[in-house]
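Colleague: If you want the building blocks of each chain, they are given just below.
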Amino acid sequence: MSGIEAVRRIVETEAQAKQIVEDAKSKAEEILARASQEAQNVRHSSTAEAEQRKAQMLRESREKAEADARSSDVETDALLETYKKLFEDRKDVAAKKGVELVLGG
Amino acid sequence: MLPPRRALNWFWVVEKMAESLGKLHNRILSDARLKAAGIVEQAEEKSKQILEESRAQAQRDANDILSRASLEAESIRRSILSSRVRANRLRILEEKNRIVQSVLKSVEQRLSDIARTDQFESTLKRLVLEAVEAVGTDNAVVKVGFRNAERKSLQSLGQTFPKGIKFLADETAIDDLGGVIASDPDGKMSFNNSFKARIERLDNQLLTTISSTIFQTGDDASGQHHSRKRRVAQPPLLCWKRTYDSPHDD
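For the record, the sequence lines run as chains F and W.
Just so we're aligned: 105 in the numbering used here is position 70 of the first sequence, and the numbers increase by one with no gaps anywhere.
Just so we're aligned: 25 in the numbering used here is position 38 of the second sequence, and the numbers increase by one with no gaps anywhere.
By construction, these hints were calculated from the structure, which means they are not laboratory data.
Just so you know, even glycine gets a beta-carbon here, dropped at the ideal spot from N, CA and C.
It cannot be assumed that every hint is accurate.
[As the list claims (entries may be wrong)] Per label pair, the in silico range of CB-to-CB distance:
1) Q29/W - E95/F: 44 to 50 Å
2) T124/W - V128/F: 22 to 28 Å
3) S143/W - V128/F: 32 to 38 Å
Just need the whole structure built from these sequences, with the hints factored in.
Modeller: In structure tokens form, the structure reads like this:
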């Protein structure tokens, strides 16, 4: 093997080695890009899931509050009905007591 | 052509060079592969770290969103519920107030019609004596006036009082509902014992009596022994202060 041949082979080997490193760098970039994309997906997915859960929580809260409000309406209607009956039953007694108080007080 | 010994040396040198070159070739490639593996390994480590950080951040973001959602949900719940509960509480208070005012109107009506009842004479005497006592003179001037009471009959009732008392019967009901006003002879001191004035003096007690009778809140009708606790326990009524319109106005 001549000296020139030896130098040529070393240059080729260096080129090959450089290519190996370059390939590894490209692969590393791909890995990082993929990781970055995956990270973004994870965050998007998590945020979307949380937003969905939030919407559900708000909807449930609103529905529950409206149901409770309807119950309050029903209870109030019943109470008002009771008051009307109480008034009809006791208005004379109450008026009599009032008159007695004013006359005798 | 080289002499044999020198030729042998030359081949030996060439062989050694080829061997060294092969080793160098392998070494260069081996180093390159090692470096490449390191680069990839480092990238994988970094990738793993990125994903872990991203997951942790995503979790924090999600927790933050849900935490704020929880507050917002509570706020929505309170807003819907409190406005409705407030409206219903108002309906209840208005109804109670309406009922109490209605009974109060009835009380006023009954008082203004007292001249038609058999209680009239005893009531008039009590009102007059109370008023005279309040003025504190034996020569009080007493003005009386009731709806549906004839002046004549009032005058005759006036004769049953002690002689010093000057009895003035009015055609119209005093303060709309009827009653008595006593004053000293100079008119410097007077005591209004009309039904309207009595109602004003008893206002709180009267409303409590009516309310407790209708709604059975357990308040003593006399209104003298209310503990603070019991007063607080009773729901407040709106606009309890009367405007004292005549019951005959409507």
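Colleague: Indicate, hint by hint, whether the structure satisfies it.
Modeller: Results of checking the hints against the structure:
| no. | hint | in the structure |
| --- | --- | --- |
| 1 | Q29/W - E95/F: 44 to 50 Å | 47 Å, holds |
| 2 | T124/W - V128/F: 22 to 28 Å | 40 Å, violated |
| 3 | S143/W - V128/F: 32 to 38 Å | 34 Å, holds |
Checked against the numbered hints above, the structure breaks only hint 2 and satisfies the rest.
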